[in-house]
Structures are given as structure tokens and as C-alpha cells.
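**Q** Please put together the full structure from these sequences, using the hints given.
Chains as they are written, first to last, in this note's numbering: chain A, 1 to 244; chain B, 1 to 191; chain C, 1 to 797.
Hint data in this document are derived by calculation from the structure and do not stem from the laboratory.
Since we're looking at a predicted model, the values are computed, not measured.
Honestly, I wouldn't trust all of these hints.
[Stated by the list, open to error] Straight-line distance between alpha carbons at most 30 Å, and here's what the computed DSS-like set of lysine-lysine pairs gives:
# : chain 1 : residue 1 : chain 2 : residue 2
1 : B       : LYS67     : A       : LYS49
2 : A       : LYS27     : A       : LYS109
3 : C       : LYS719    : C       : LYS740
4 : C       : LYS546    : A       : LYS170
5 : B       : LYS69     : A       : LYS49
6 : C       : LYS740    : A       : LYS182
7 : C       : LYS152    : C       : LYS86
8 : B       : LYS69     : A       : LYS147
9 : B       : LYS116    : C       : LYS331
[As the list claims (entries may be wrong)] Quick partial rundown of chain A residues pointing at chain C, CB under 10 Å, derived from the structure:
#  : residue
10 : ARG17
11 : GLN25
12 : LEU29
13 : PRO30
14 : GLU32
15 : SER39
16 : GLN41
17 : VAL54
18 : LEU68
19 : GLY158
Here a beta-carbon is modelled for each residue, glycine too, at the ideal position from N, C-alpha and C.
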Amino acid sequence: MDGKTFFVDLTKCTACRGCQVACKQWKKLPAEETVNRGSHQNPEDLSDKTIRLVRFQEQVIDGALHWLFFPEQCRHCVIPPCQMATYEEGSIIHDEATGAVIYTDLTAKESFEDIRDSCPYNIPRQDPETGIIYKCDMCIDRVRVGKLPACVQSCPTGTMNFGDREDMLKLAEKRLNEAREKYPEAQLVDPEDVRVIYLAGFAPELYYATLSAYADASPIRRSPMNKQQFLAKMNNPARRMTRA
Amino acid sequence: MSMNRRHFLKLSATAAAVTAFGGLGCRHTAQAVDRATMLTPEWSKQTTTICCYCAVGCGLIVNTSLKTKMAVNIEGDPDHPVNEGALCAKGASIWQLNDNERRPATPLYRAPGSDKFKEVSWEWALEQIARRVKKTRDESFVQRNAQGQEINRTDAIASLGSAALDNEECWAYQTMLRSLGLVYIEHQARI
Amino acid sequence: MTNHWIDIQNSDCVLIMGSNAAENHPISFKWVTRAQERGATLIHVDPRFTRTSAKADMYAGLRSGSDIAVLGGMIKYILDNDLIFKEYVVNYTNASFVVSKDYDFKDGLFSGYNPETRSYDKKSWAFETDAQGVPVQDASLKHPRCVYQLLKQHYQRYELDKVSAISGLSRDELLRLYKTYTATGKADKAGTIMYAMGWTQHTVGVQNIRCMAMIQLLLGNIGVAGGGVNALRGESNVQGSTDQCLLYHILPGYLKTPLVDEQTLEMHNTKYTPVSKDPKSANWWQNYPKYMNSLLKSMWQEATPADAYRWLPKLDNRNASEYAWLTLFDKMDDGQFKGLFSWGMNPACSGANSIKTRQALGKLDWLVNVNIFPNETGWFWEGPGMNPKEIKTEVFFLPCAVSVEKEGSVTNSGRWMQWRYKGPDAPNGQKPDGDIMYELMEEIRHLYTKEGGAYPEPITNLSWDAIATRGVFDAHKVAKLINGYFTRDVEIKGKVYKKGTLVPSFAFLQEDGSTMSGNWLYCHSYTEKGNMAARRDPSQTPEQAKIGLYPNWSWCWPVNRRILYNRASVDMQGKPYAPEKPVIQWDGAKWVGDVPDGGWAPGTKHAFIMRKHGHGQIFGPGRADGPMPEYYEPLECPVKSHPFSSQLHNPTAISFDDEQKAVCDPRFPFVGTTYRVTEHWQTGVMTRNQGWLIEAEPQVFVELSPELAQMRGIENGEKVMVDSLRGSIWAVAIVTKRMKPFAIQGVEVHQVGLPWHFGWTWPKDGGDSANILTPSVGDPNTGIPETKAFMVNVRKA
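**A** The following block contains the structure:
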């Protein structure tokens, strides 16, 4: 069983932010205090209270102005590196049926630095008071009773899609072919690695530095572990046992 | 950059073996199950509504707690042919209208020259308003103009509102205003 | 909307002009996107690059207020290149009608202008008629005074270079726009227009829309799937509140408010019942007396319609300059009004010229403010610049229930009347508006019954119990009353309808008092078959499925017709012009598809049944400012002249002489406009008080181009001041390439824009209303203020 996958067609997103609010509504996440910083994007970044954020980016591409929208969320990696960075059993759960990567309250016992550094997309955020780490959980409670994730349900334009991975991969390929008529540079972003597959009309870094894990220009803000550290952690037999 | 493409792929490959055993402990999902359970008939009443903002007229499903009589979840109605379950940021936030501490709980009255509102009862407020309407109407009502034509109106009371009212309320409101003889009747459609 | 939201998917070219649908009607983009997926071209013409432009196949920036130049240029392009859908134009529009020889147009003025009254005598705009009163027509369109020829003559002045110079669109952009859109003039192609306040909020608002309606008629785009003239209405029930006529000039169902000169019901009905001797003209308004009398009977059920008519107030005239919003506040500021109901409205932020509006509220004796949240109107006495001690106005604030806490119906932009059920309770016993008005009127009636008073008859005789059950407002009872009942046993076409049964549809309404109906347009919405608005049946025939028609889902006025003027979608034999997207078609015995505009066989009646002569009005002799749209600058503008005439402004626009206007005023060098964002609604009273929405758009902002920012030394994200002749507000600068300077007649003109969602009450550092900047000037037909184009300055705070 290949689990579930999101397909997100950025060529269709209007940044109505229905998904950003629908996420908060379903989970009853508190609002943040914000100010206008000379942008329509708000909050400024993901947080423990904002686990889904529509990012706005103005770009001039080949002399034409484009306003690019990127609804960002946890990518639910096929093989989640964050889970490999854990010490505590059950802090990060990889749901077998769906492939959802789910953080529990036990993440409070993890090193937030390690968890965040492990993420190629810079997604996890910590509640400074409780130490619990938060991010999208694929609306696992909804998915289990046969409902769409709140963000997908709310999307008007067909940007957000959700279903069996096989179907979503097919849809992604179909849409990619269609999109190339208007967007010759269109591409699927990291499709083998993640369960949130974005279709970008332009180079991913034009939307946001870490839309793709592989973009050359992708500066992950926090200082990362080096490769040896990371692999050492991953291959720690004791920790592998606890997950199994 | 912290991780290049090769690195991520390699990571994926080495970890593939372990993830197959990944499971989800019940204790960690207790809260999540509650949210979905709250939508079942044992816990909440389900009603349909239409969005209160723009005039696209999107359908929504409202779940109201049987216990508290407050909404527990409001989301798009997938069966509705116009929005097929979709909502924009405003529509998606309607839940915050019902349960909102900024809503005044009672009628308020501000006296001439006062620098504050005071809470008053519905009975008192409606009776006082009725008295103001009657006094102003009685003092200003004109049955016949200078030419002797019947005009039966007051030019001293005006009304603004409202496109936020239901059809039935709009109709009742215009009936009330016109029976009082108001002619200055306007609302959002004019602006 | 003549059509409806789902129908947008059927379009071959979607023109969004005068609206920002992706932001203000976000779910419309479900259907716009679907049209694009089927190959449609999306064009956005707007002063600002928005979330709508971001999805458009073509975006063109125009200076706010120059729409008629661009659209007039399109009419010229259509006529020059003979792109009209000729069969449609000849059969269904008044292009062939011959206009009076007294009609004239010279240098921006139509014949009949009176500079003293700033109004037109419209006599010379009439059609030439035969002895029967039927317009003289020339189907060859060659008569020098036929509408088609006058149109050609009028718009030949709208040359590409002139249009470009005044609008800021380049020649190339104009040609691409014209070529792409006018390709929908083919029989089986459809183009649609999605417009909103970007067109209405101008001193030429009505003519902006007429200009586009004329284009749609020339291209044969009205009545067809994927076409129409589609006003994107901005409030959940602004269609319904307009249908129920909470406006000075109309009664429910667009009947006329009585004037002083119409002393009796008979005089009134005779005046508004058009007569046509053309056997092919359905002339639907010939039924006016049935509708008027049934309305009167619903309000005062024990009285005869003639007596009830006497009780209605009579207006001196129906001029917007006398009774509409701007004048209402001008008169309030002069002290005319003692009392005001501000019911579900926040005029202190929503109308033009907020400082004047707020000042006027202080001239009242009493103010009743019904709302969900504290707002700048009910709380005006403690607002900026106010001294509560000096303000005598008594204020009553009544907290009301929100939409999900009550039952009733709302009508969307596509005219769908949709039922809402009660979900949660109001948390502290806040009352539904219906309960508040019922109880308040009961108090008033009680006082009049007990104490008497001025002319109590209309109050004491009012059938107020008809809206309540056991003392509680009853939405079902009102909905049934709006639909209407038989008041006695009536036999119609051999069938007896018992007293007290619901009227099946408006074709059954009577003039003699045997029927009552609160709104004839809604007669058919709640019948013996049940509450039609509450229907949730998605079933459809294969033809209906082709164009996304859901006739069994909710209900739509009139008589569940989903696409208006649909007789114009077929030829004289009843064959659809677009066979793949048929709205209606004649199967030899009856119409199938949508509910047709009357069941008559094809070719036996003219298509536009609401017009006296049955034709779409390319020439519109009823408008206050001319039978054809003409270019005028906004009343505040950055130019001293324009290329089309020496008449700078609309000569009939509503304005107050004692209020200055900035025309080429160096103190206010930039064009300003106002708008909305997805995350807030109207003055923001509902949305500013919700955490998730104020989080996304927390403060008032002003969008300006990098060029202008550099000129003024403004950094992105800093607070700046925006000033107009009326006042000043601070706003956070959003410096963005989405705004650009325009080249207007060789001069660089900058434009800035602000949302009008904010107000000083909440949030604390959110800013105030952009309407502090906007002028009290308006369209002569509607009175709608010109808040989309005015002059401002922007400076560092």
C-alpha cells in the first residue's frame, strides 16, 4: 500500500487563503498578532500556531511580472528524516496506512534543533512554552473517517488535491503536461521524496527558497547537521529499534 | 545549503526499511479522534447554511454541539454545486463569528453628552426606541403638502440597511419603514 | 448577474474589468479556472495587478476611471471591422430602431441639456414610431438615424491613439484586448464580463456598464451560456435586499415608489403600465397593476389596494440627487433628520467622505445601531476628533444574531434564493434581526393604539401579525407571504384555487385584490409544493448537465429561470446558436433546457420581454446622462482635458457645490482608488473582529509603485500619510511592481490604492477607513459615490 499523497498545482493557486484559515478552523489554532510588513503574506512565517502558510512572491520573469503563491505545509516525506532525528519513542509517528508524519506531545522531549535541522524544508516549529513541536498532520483524524484534509476541502481552484499516492502521481503527470502549454518550465517538485507534490510553473526557488529540497539557491536558515552527524543519528541501532 | 539532492535520496533509501514498521499509537491521537467524533450525530447537530459574506452563495455545513449549543465546526458543503466544498479565507472563518468574545451581550445605551455606553435590557431599549420613533414621527409627519396633495410621510427619520439581512427580514423591514411613512430608505446597494 | 456562477465555465473569453474576482469573489475562480481549463482566455483590465491578474492570460493596466474610453474603442473596433453578430443584432436589439430627428450630440453634450438644472430633457432621444406607437425600424441598418448608424457616428471618435493616451493602455494592449474579446461575436462563441464596484463607483458608473452591455448585444453574448452581463454582487443578500427594495425609489419587485403626482392607485398604475401595440412584444410590465395591488394587499390585508395605496408615503420625485445616500448625509449634516436607523450597516466607514458622515451623525437626536460588533457608527461619538460632551445624539446599540444563528433565505448574485437553517444559539441571547424589527414595531403599534398620534392608520392597520407566530418572527411565514396567497376562492383557467392556498407563480397574480404577494418576482418560491429555496436535489437532464444547470437545487428568480433573456440564445426557429451549449431549444412542441423567457413558440415574441418594445437596448433613452455612453473624467482627475470633447466631467453628476474637487491640483497629484481584499469584508466590522482574518491582513495599507516610492523617499513597510481634500489617514506602504505609473497624454501619472476595511475601533493599531479620503460625488442615475477614482497625496509620516 502506497499511502496517501497531496498534489498541489501552484499554477492554479489564487492565494485566497481559504486553506490557511480552514486549517486553523479545523484544529482551532490560535491567531497570531501580526503587523503589515509591506506584504500581503501574513503571518510572516510558519509557527507552532500556523502550520500552513500561503507565501506570496513577486517575480519578473522574462520581462513579465508574476505574482507567485505557495501554500506551504509539511511535505510528509516518504522517508521522514525528522523521525530519524528523534530519541523518544512515539514522538514522531509515521502512519502506516497513509504515510502521514505525525508529531505528538512527546516531541517536547526531543531536541528541537535536531528535528528542525533534519527537515530539508524547514517546517517544524516549537511552542516556546510547552516545548512541543508542531506541523501539519495531514488532518489524520479527518482522513481516517474518509474526509479530505481541511485545506484540500476548502480549495476552490483545484490547486489542492489529495488521494491515494498512485492516483495523485497520475494526476500530477497529467497536470504537468497540461501546464507546460502555458508554463514551459513547469516541473513537479521532489515527487519521489514527498507526499506533498507541488507542480511549479517556474523554477521552485522563484516561489520560495525551500520549495524544493534540492534547489541550489536553497539556504536553510538554521545551521544544519553535517552529513556524518546525520547518518550517524539515523543508523543508531537503538533508535531504529524504538521506532520499529 | 544543508542537504543536497544526493544526500536526501540516500537518506531515503537507507531509511526505507524501518518506515514500513511505523505505526500510530492511539494515545497520541486521542485528541484528533475527538474532533472527528464531534461531527457525529451523538455529539452534534448538523445544519446547512449559506456564507454570509460575498454573493457567490457558497454552501456550508455547521455542526452545533448538542451540549453547549455552540458551533464546533463550520466548513464547506461538498454537495453544494456552486462551491463543491470550497471556501475562501472569510468563509472558512465563520466559526469565529458565533463564539466571539468581542460581541456585546446586551443592548447598550449612550445618553446625550455621555462618554460611555451602559448596558440596558431589551425591553427598556425597544420601548425607548419606540417612543423616540413616535415622538419624531408625530412632530414631523406631513399629511398634505403646500399644494394640498396627500404625501403622508416623515422627512425627519432615515434608515440605512441592510444587505446583511435575510430576504424575509428585508421584506418585513421595508414594510415597517413604509408604514411609518419613511422615504429616506437606503442601504449598501447604493454604495 | 444575467447568468450565474457555474455558467462562467461555459465562456470562451472571460473579461474581468471593474472587479478583482479572485480576491473579492474567490470561489468564482473555481468556474473561471474551469473555463480556462476548457480553453477560455482570461483577460483582466485593472489599475492594479492583483491576485486576479496573476491568473490571467492577459493583464492590462488602465488608469482608474478611463473605462469608457477603452470600451468605446472596442465598439469602434467592432463596427470598423464588422464583427457584430448581425442576425442577433437585427432581431434582438434596437439597432434597427430609428431615433427622433431632434436627437443630437455635440462636443460631449446630448440634445436637451439644461445647464441650470444640470439635467437633460430626454424628449429628443425618443424613437420614431408609427401610428400604432411601434418604433420605426430599418432591418438593413442603413437609415442614417437608426441606432446602428448613430452608434457608428458616436464612437468613430474613439480612435486607438486617443484611447491609449487617456487610459494608459498601449496600442498593442488595446488591439490584443479588442481582438481577443470580439472573437466571441461568432454565433457559437460566448464572452462574459465579470464586473463589480470597479465599474459602479464612478460618476459614469451606469454608463460603464451600459457600454459593456452594448458590446455584449453587438456580439450576441446575452442570453447564451457563458455570456451575459454579470455584476458580481458583494454581499450575501445584496441581490435579495435590492429585490425587496430597501431603497428610496423602488418597492418590492422593482415596483415604483409613489410620487406626489400619483395621488391614486389608478393614476400610479396607469403611469407605470407600458402599452405596446406590437403583437410580438410580450411587454411583461403590462402586468404592473397585478403586482402592485398584490403587494399592497400583502402589507395591509384587511384594506382594499386603493386604500392601502393612500397610506404609502409619496415622494416629491425619484431623483438620486434628492433622496439617495450622498444627499441623505448632506441633509443630515444640515440637521434635517432627528432619527436614524443604521441597521446592519456602518456608514461611518462605508460611505464616501467619512469625516462628513461622522460629523452628520452628531446632528441627530437619536441613532439606533443594530450590529454584531462594536463599530465606528454606533461608537462615533468617541471617535477621532469627537468630544463626547458636545454630542447630544442618543445612541441605542442592539446586538443581533449572526447568520448561522437564525433561519431564513438569502439570494446570491446568480439570483439563487437559498435557505439557511439555524445552527448554534446566539451565545448571550443576541436576537435575530427579524425578531428585533418585529418586537420594535409591536411596541410602536402599541403606543399608537394606546395614545393615538399623527396619521396612525397605516401603522394600526398594518398586517404585522402576518410575519410572526405566537409573537415570534417566523421566516417561513414571511417567505410564504412574499410568495403570496389567494385571498378568496378564485377560478383561473378552469381550476379553483382556494382562499389561503399559496399562489403557484406570478402568472396567477390578480389586480382585483384576490391575491396578495409581498414580491411578485419571488412568487413561485414557496408554493403548495413546499419551500423551493430549500431544495437540495442535484438532478438535471443531459442538456442541463452540458451547461451546469441545476434547476432542482434551491430556486432562482424569476420562475426558476437560470439564464435571463435566454430566448436570445436561439434563432427564430428555436435552434440554439451554440448547439454544444444549448440554454433552451424548441423540440417542435415545447422548450427544453432552462425555463424559457415565456413559453411562446420560437419567433412569435421578441426576446427581451421586460422591455416595452421587446429589444435589447443598444440605445438607452431612459438614462439621466445620455442614451449612449460618452467619455468623461472623474470629478477629481489629473488632467485638464481629454481627447473626446471639451466637456471634462459628466455634466449631470451629483456633487455639492460647496465641496471643492481636486482637478490638476498640485497638492493632490496622484490618482487614488479604494478596494477590498479576500480576508476582509466591507468596512471590516465582521472580519476585523476575528482573529484568523485580522492575522492575515492586520492593518490598512497603501499600494504604490517603486517609482513613486522613490520619488517620495518611501520604504516598503513604513507608515506613510495619505491625504485628500477631505482628510488624511496613515497607512503601511506596500511598495510593489504590481502598481505602475501610467503615461497619460504624455505625462507620467501615478496611482495608489487602499482598502476600505479598516476603522479606528478595532484592532487598536489597524488604522482608519480609506473613505476618509473619498469625495461626496456620485452617478446621476444611481447616486453611487465615486470612490474608485479621486486625487490624493502620499508623503512620509
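**Q** Now tell me if each hint is right for this structure.
**A** Now the hints, each set against the structure:
1. For the suggested pair LYS67(B) and LYS49(A), the alpha carbons sit about 27 Å apart, so the restraint of at most 30 Å is met.
2. Proximity of LYS27(A) to LYS109(A) is assessed by CA-CA distance (about 23 Å); at most 30 Å being required, the pair is judged to hold.
3. Taking the CA atoms of LYS719(C) and LYS740(C), the gap is about 20 Å. The hint holds against a cut of 30 Å.
4. Restraint check: the Cα-Cα separation between LYS546(C) and LYS170(A) comes to about 26 Å, which is no more than 30 Å; the hinted pair holds.
5. The hinted pair formed by LYS69(B) and LYS49(A) meets the criterion: a straight-line CA distance of about 27 Å does not exceed 30 Å.
6. For the hint pairing LYS740(C) with LYS182(A), the CA-to-CA distance comes to about 25 Å; that is within 30 Å, so the pair holds.
7. For the hint linking LYS152(C) to LYS86(C), the alpha-carbon distance of about 15 Å falls within 30 Å, and the restraint holds.
8. At roughly 24 Å between alpha-carbon atoms, LYS69(B) and LYS147(A) fall within 30 Å of each other, so this suggested pair holds.
9. Proximity of LYS116(B) to LYS331(C) is assessed by CA-CA distance (about 27 Å); at most 30 Å being required, the pair is judged to hold.
10. At a threshold of 10 Å, the smallest CB-CB gap from ARG17(A) to chain C is about 6 Å, leaving the interface hint in force.
11. The restraint placing GLN25(A) at the interface with chain C holds, with a minimum CB-CB distance near 7 Å, inside the 10 Å limit.
12. About 8 Å separates the beta-carbon of LEU29(A) from the nearest beta-carbon of chain C, less than 10 Å, and the hint is met.
13. Interface hint at PRO30(A): satisfied, since its Cβ lies 7 Å from the closest Cβ of chain C, which is below the 10 Å cut-off.
14. Interface hint status for GLU32(A): upheld, as the beta-carbon distance to the closest one in chain C is roughly 5 Å, under 10 Å.
15. Using the Cβ-Cβ criterion of 10 Å, the hint placing SER39(A) at the interface with chain C is satisfied: the shortest such distance is roughly 7 Å.
16. Interface restraint check: GLN41(A) against chain C, minimum CB-CB distance 9 Å, threshold 10 Å, status holds.
17. Hint on VAL54(A) holds. Least Cβ distance to chain C is approximately 9 Å, under the 10 Å limit.
18. Given hint, LEU68(A) at the interface with chain C, holds; its Cβ is 8 Å from that chain's nearest Cβ, closer than 10 Å.
19. Below 10 Å, beta-carbon pairs count as interface contacts, and GLY158(A) has one with chain C at about 6 Å; its hint therefore holds.
Against the hints set out earlier in the document, no violation occurs for any number.
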